[in-house]
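K.L.:
Sequence:
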Amino acid sequence: MLVDVFAPEFRSPKNMHLRNFYIIVPPLTLNFVEHSISCKEKLNKKNKGGAAFTDDGFAMGVAYILKLLNQYQEFDSLHWFQSVREKYVKEIRAVAKQQNVQSTSQDEKLLQTMNLTHKRLEVCLQEFELLYFSLSSARIFFRADKTAAEENQEKKEREEESVKTSIGDLSTAAPADPVVK
Numbered sequence: 001m002l003v004d005v006f007a008p009e010f011r012s013p014k015n016m017h018l019r020n021f022y023i024i025v026p027p028l029t030l031n032f033v034e035h036s037i038s039c040k041e042k043l044n045k046k047n048k049g050g051a052a053f054t055d056d057g058f059a060m061g062v063a064y065i066l067k068l069l070n071q072y073q074e075f076d077s078l079h080w081f082q083s084v085r086e087k088y089v090k091e092i093r094a095v096a097k098q099q100n101v102q103s104t105s106q107d108e109k110l111l112q113t114m115n116l117t118h119k120r121l122e123v124c125l126q127e128f129e130l131l132y133f134s135l136s137s138a139r140i141f142f143r144a145d146k147t148a149a150e151e152n153q154e155k156k157e158r159e160e161e162s163v164k165t166s167i168g169d170l171s172t173a174a175p176a177d178p179v180v181k
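Residue numbering for the sequence shown follows the UniProt record's numbering, starting at 1 and increasing by one per position.
Treat the hints loosely; a few may be bogus.
Stated by the list, open to error - The list that follows gives simulated cross-link-like pairs (lysine-lysine, DSS-like), each with its CA atoms no further than 30 Å apart: (1) K119 to K109; (2) K109 to K87; (3) K119 to K40; (4) K119 to K42.
As the list claims (entries may be wrong) - Restraint-style ranges between C-beta atoms, simulated for each label pair: (5) E9 to I140: 21 to 27 Å; (6) Q73 to K45: 40 to 46 Å; (7) S12 to V89: 26 to 32 Å; (8) G57 to K119: 25 to 31 Å; (9) S12 to V101: 57 to 63 Å; (10) I24 to E108: 24 to 30 Å.
Don't read these hints as lab results, they were simulated from the structure. Note that the structure is a prediction, hence the values are computed from the model and not measured. Quick reminder that beta carbons are idealized off the backbone N, C-alpha and C, glycines included.
All chains should be modelled from the sequences, with the hints used to inform the complete structure.
P.N.:
Set out below in C-alpha cells:
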C-alpha cells in the first residue's frame with residue numbers, strides 16, 4: 001500500500017534527481033557497515049552509550065526507496081555485494097598467506113598486527129553479508145521480484161477480472177418480478 005501511494009510521486013518528472021539513486025547505495029552501505037561495527041564494538045565496553053545490537057531499518061529504507069523508484073535491476077547490475085565479498089575474501093587470503101610466511105620469522109608484533117587485521121576483515125565481511133541478507137529480506141517484503149510494469153499489468157488483470165465478475169453477476173441475476181397493482 002505504501003508503495004502504491006508514494007511510487008507515482010517518486011517516479012514523477014519533478015523528482016528526476018532521484019533517477020540515479022541506486023548509484024549512491026554502495027557508499028551508503030560502506031558508511032552503514034562502519035557505523036554498525038562501531039556500535040557493536042561499544043557493546044563490549046563498560047560505557048555502552050551509542051551501542052546497538054541490531055539495526056535493519058537502513059536495509060528496509062533502502063529496499064523501500066529502490067522499490068519506489070523501480071531501481072532494483074539497476075542496483076543489481078552493479079553487483080555490489082558480490083564485489084565486496086570478493087574483495088574481502090581476497091584480502092583475508094592475502095593476510096592468511098602472509099601470516100603463514102611470517103610465522104616462521106617469529107616477529108611477535110607483526111603477527112599480532114596481522115591477526116588483528118585478519119579479524120577486522122572477517123568482521124567487515126560478516127557485517128556486509130548481514131546487510132545483504134537484511135536487504136534481501138526487505139526486498140521480499142516489498143515484493144521486489146516484480147517490476148513496476150509487472151505490477152501495473154497485474155493490477156489491470158485484477159480490474160478486468162472484477163469487471164467480468166460484476167457483469168456475470170448481473171446476467172445470472174433473476175429478473176425482477178413485475179410489480180402488479
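K.L.:
Compare the structure with each hint and give your call.
P.N.:
Do the hints match the structure? See the list:
no. : hint                    : result
1   : K119 to K109            : holds, 15 Å
2   : K109 to K87             : holds, 26 Å
3   : K119 to K40             : holds, 14 Å
4   : K119 to K42             : holds, 17 Å
5   : E9 to I140: 21 to 27 Å  : holds, 24 Å
6   : Q73 to K45: 40 to 46 Å  : holds, 42 Å
7   : S12 to V89: 26 to 32 Å  : violated, 42 Å
8   : G57 to K119: 25 to 31 Å : holds, 27 Å
9   : S12 to V101: 57 to 63 Å : holds, 59 Å
10  : I24 to E108: 24 to 30 Å : violated, 43 Å
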